[in-house]
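Heads up: the protein sequence lines correspond to chains A and B, in order.
The first sequence maps to residues 1 to 139 in this note's numbering.
The second sequence maps to residues 1 to 58 in this note's numbering.
Please keep in mind that the hints were generated in silico from the structure rather than gathered at the bench.
Because the structure is a prediction, the values reported are computed rather than measured.
Some hints could be false.
Residues of chain A placed beyond 12 Å of chain B at every Cβ, according to the derived structure [what the hints assert, rightly or not]: (1) 66; (2) 71; (3) 77; (4) 103.
Derived, one-sided and incomplete: chain A residues facing chain B with beta-carbon distance under 10 Å [stated by the list, open to error]: (5) 43; (6) 47; (7) 51; (8) 54; (9) 97; (10) 104; (11) 117; (12) 122; (13) 128; (14) 138; (15) 139.
Backbone N, C-alpha and C fix where the C-beta goes; we use that ideal spot for every residue, glycine too.
Letter by letter, the chains look like this.
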Amino acid sequence: MATSATAKAQPARATQSSSIPTLCLIAGWLVPGAGHFILRKPIRGALLFLSIVAMFTIGIALEGKIYQPNTGDLLDILGFVGQLGAGLLYACARLFDWGHPTVLVAVADYGTKFIVVAGLLNIVAAVDAHSLANGRKAS
Amino acid sequence: MTITHFTAVLLFALFASIVFGITQRAEPKMMFRFGAFCFVLFVGGTIAASWLMYFIKH
Chain A
1 MATSATAKAQ PARATQSSSI PTLCLIAGWL VPGAGHFILR KPIRGALLFL SIVAMFTIGI
61 ALEGKIYQPN TGDLLDILGF VGQLGAGLLY ACARLFDWGH PTVLVAVADY GTKFIVVAGL
121 LNIVAAVDAH SLANGRKAS
Chain B
1 MTITHFTAVL LFALFASIVF GITQRAEPKM MFRFGAFCFV LFVGGTIAAS WLMYFIKH
């Protein structure tokens, strides 16, 4: 009984000690769905990629606000953290000056929320890939 | 780009439900069911809140 329990625990420990879960977490954060692609779950990865990129793109198209770090406003800091969750999408938005620095029309506020939620959903997806990789979640 | 408020709700609910379904359930069938459940809750909750605000104002 104890032997079989030990035998079951060993693969889990071996999986946890490898760098695959960390790789999935970081790749999934940088590119939406990349963590699932690494784990050979292409359909899940593609659906996550499409959903998160579509939300981010719609937010940009609605002239949503791209938050900057270090503005001193607590709500801006929270928005920045949420949008930073989108990984390379946020980096591209800053690099290519997408979005707007301020909300000018009513629908643009929806755009801002779309961008923030895209970042937060991407964090959820990256953590899910990490959980799949270390065996915490059944695939 | 300009979209109506309801279209924004539908798009938000669709994409968020897909991510919730995939990440919060392990089996594909349960993923689909949970995603559909989240979509109905998102849209239904928004419609219910809208009617509530309408009756508060009138």
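Earlier hints that do not hold, by number: Structure breaks hints 9, 10.
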